[in-house]
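Engineer: Please construct the entire structure, taking both the sequences and the accompanying hints into account.
The numbering used here puts the sequence shown at residues 10 to 402.
Just to be clear, a hint being listed does not mean it is correct.
Now the in silico label distances, taken between C-beta atoms and shown as ranges [unchecked claim]:
1) Arg35 x Arg145: 21 to 31 Å
2) Asn132 x Glu390: 23 to 33 Å
3) Pro196 x Glu367: 20 to 30 Å
4) Arg199 x Arg145: 45 to 55 Å
5) Glu367 x Ile68: 37 to 47 Å
6) Gln213 x Glu285: 35 to 45 Å
7) Glu390 x Ala166: 28 to 38 Å
8) Pro227 x His195: 18 to 28 Å
9) Glu367 x Arg87: 51 to 61 Å
No wet-lab data here; the hints were simulated from the structure. Backbone N, C-alpha and C define an ideal beta-carbon position, used for all residues, glycine too.
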Amino acid sequence: MRTLICLLSDQLVPNLLSCKILNPERILLVETEQMKKKEASRNFLRALGGMGISIAREIVEVPEGKDNDFPSLKTFFREKLLVPNIGDTFFLNITGGTKPMSIALYETFRDVSKADFFYFDVNRPNEIIDFLTNRRIPVGHGISMEAFLAGYGFEFAKDMQKVCCAESFAAKRKKTTRIIARHCDHPDFRIWDSGNKEALAWRQKMMNFCKKEIEIPPEYLKPTIPEVREAIAKQFRLQDDPNGCLVGTLSSWDIRYLDGGWLEEFIWGTLKKYSEKYGLNDLHLGIEVKPFDNNTRNELDVSFMRNNMLYVMECKTGFQEKMQENAYKIFAVTQQLKALRTKAYLIANSASLEKVRERAKLHQTTLIDADQIAQMAKDPEAVLNKLFQVSQK
Numbered sequence: 010m011r012t013l014i015c016l017l018s019d020q021l022v023p024n025l026l027s028c029k030i031l032n033p034e035r036i037l038l039v040e041t042e043q044m045k046k047k048e049a050s051r052n053f054l055r056a057l058g059g060m061g062i063s064i065a066r067e068i069v070e071v072p073e074g075k076d077n078d079f080p081s082l083k084t085f086f087r088e089k090l091l092v093p094n095i096g097d098t099f100f101l102n103i104t105g106g107t108k109p110m111s112i113a114l115y116e117t118f119r120d121v122s123k124a125d126f127f128y129f130d131v132n133r134p135n136e137i138i139d140f141l142t143n144r145r146i147p148v149g150h151g152i153s154m155e156a157f158l159a160g161y162g163f164e165f166a167k168d169m170q171k172v173c174c175a176e177s178f179a180a181k182r183k184k185t186t187r188i189i190a191r192h193c194d195h196p197d198f199r200i201w202d203s204g205n206k207e208a209l210a211w212r213q214k215m216m217n218f219c220k221k222e223i224e225i226p227p228e229y230l231k232p233t234i235p236e237v238r239e240a241i242a243k244q245f246r247l248q249d250d251p252n253g254c255l256v257g258t259l260s261s262w263d264i265r266y267l268d269g270g271w272l273e274e275f276i277w278g279t280l281k282k283y284s285e286k287y288g289l290n291d292l293h294l295g296i297e298v299k300p301f302d303n304n305t306r307n308e309l310d311v312s313f314m315r316n317n318m319l320y321v322m323e324c325k326t327g328f329q330e331k332m333q334e335n336a337y338k339i340f341a342v343t344q345q346l347k348a349l350r351t352k353a354y355l356i357a358n359s360a361s362l363e364k365v366r367e368r369a370k371l372h373q374t375t376l377i378d379a380d381q382i383a384q385m386a387k388d389p390e391a392v393l394n395k396l397f398q399v400s401q402k
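Structural biologist: Rendered as structure tokens:
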């Protein structure tokens with residue numbers, strides 16, 4: 010029997026990929042007391058299900074307090090893993106567990122003729138390494154976002170049909186979105202009357218409704234850039250009034266878009282266009298995730314998988330009150346998902362970013378400002394090459 014032995018740890022991606030690439034008939038999951046408290050084996054098995062892998066499995070629990078006891082681990086691994094399965098062909102993933110566990114597993118099986126050892130370099134998550142020969146085996150796009158999240162105890166919390174519907178709307182108005190983004194770095198760029206508190210209160214109220222037609226009060230919608238005003242008027246069939254404002258009707262969803270939703274739609278649409286070039290998979294707009302065990306939800310403005318890693322992009326515009334306070338959401342989300350291999354980005358169309366920039370650096374979050382957003386609208390590949398560290402050919 011082809012038996013894969015995995016040492017469970019906070020990073021489940023290497024073990025998930027080894028299941029897919031090595032194609033075992035059975036898997037033995039070695040779990041410490043600490044990993045048991047984190048529901049590591051439960052999450053791992055749910056992730057396997059999300060990958061469509063059905064396989065015989067057995068959980069082998071390391072005695073409490075022995076996870077760093079090298080002599081005891083060697084004896085334990087021999088008695089529980091090797092002897093009962095002596096006729097099997099073994100694949101051993103020594104990436105996880107404690108260092109004494111990895112070494113003890115290697116020492117236990119090193120003289121077994123039908124035993125191959127594998128290792129994952131965390132900095133190169135798209136390949137598996139044959140430990141004894143250093144041969145590197147490409148694994149490609151092996152893990153879906155659903156399986157990746159499940160591996161760390163999270164699941165989708167939003168109906169994916171609603172996500173697809175939002176993406177469909179975004180695709181239909183991508184031209185208008187790109188025009189807005191192209192001018193967002195202009196010092197005078199505004200869509201709404203930013204000094205009108207009544208207009209702000211009205212927008213916040215209307216966005217919470219689900220209405221298809223809402224009359225825009227005079228003096229509220231005042232795009233300052235002529236090309237932006239023209240594009241918005243054409244997209245939503247609005248008219249100019251004598252004071253340079255736009256009048257007519259908008260839906261609640263249109264108001265959300267003009268209040269800042271355009272930014273996440275722009276980022277999503279740009280990435281979608283170049284997803285094949287940059288190897289982006291499971292690219293989504295506005296999904297929600299939550300832990301298996303509670304209903305604490307977090308919306309991810311733009312998210313996708315690349316090289317078997319989760320990328321999360323939080324989009325905030327200067328039109329929203331308390332921009333700095335809202336911008337901290339990405340830090341809270343990545344803190345909640347701290348066990349995951351994620352790359353976090355804060356995309357902020359605002360001129361006042363110094364405090365946010367400091368916080369972003371502290372939390373290893375890449376900040377993309379208004380200048381870069383506008384540049385992305387004009388020359389997407391130049392910005393994306395830097396973002397994904399791809400050499401220009």
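Engineer: Does each hint fit the structure? Answer for all of them.
Structural biologist: Verification of the hints:
no.: 1; hint: Arg35 x Arg145: 21 to 31 Å; result: holds (26 Å)
no.: 2; hint: Asn132 x Glu390: 23 to 33 Å; result: holds (25 Å)
no.: 3; hint: Pro196 x Glu367: 20 to 30 Å; result: holds (23 Å)
no.: 4; hint: Arg199 x Arg145: 45 to 55 Å; result: holds (52 Å)
no.: 5; hint: Glu367 x Ile68: 37 to 47 Å; result: holds (44 Å)
no.: 6; hint: Gln213 x Glu285: 35 to 45 Å; result: holds (39 Å)
no.: 7; hint: Glu390 x Ala166: 28 to 38 Å; result: holds (34 Å)
no.: 8; hint: Pro227 x His195: 18 to 28 Å; result: holds (24 Å)
no.: 9; hint: Glu367 x Arg87: 51 to 61 Å; result: holds (52 Å)
Checked against the numbered hints given earlier, this structure breaks none of them.
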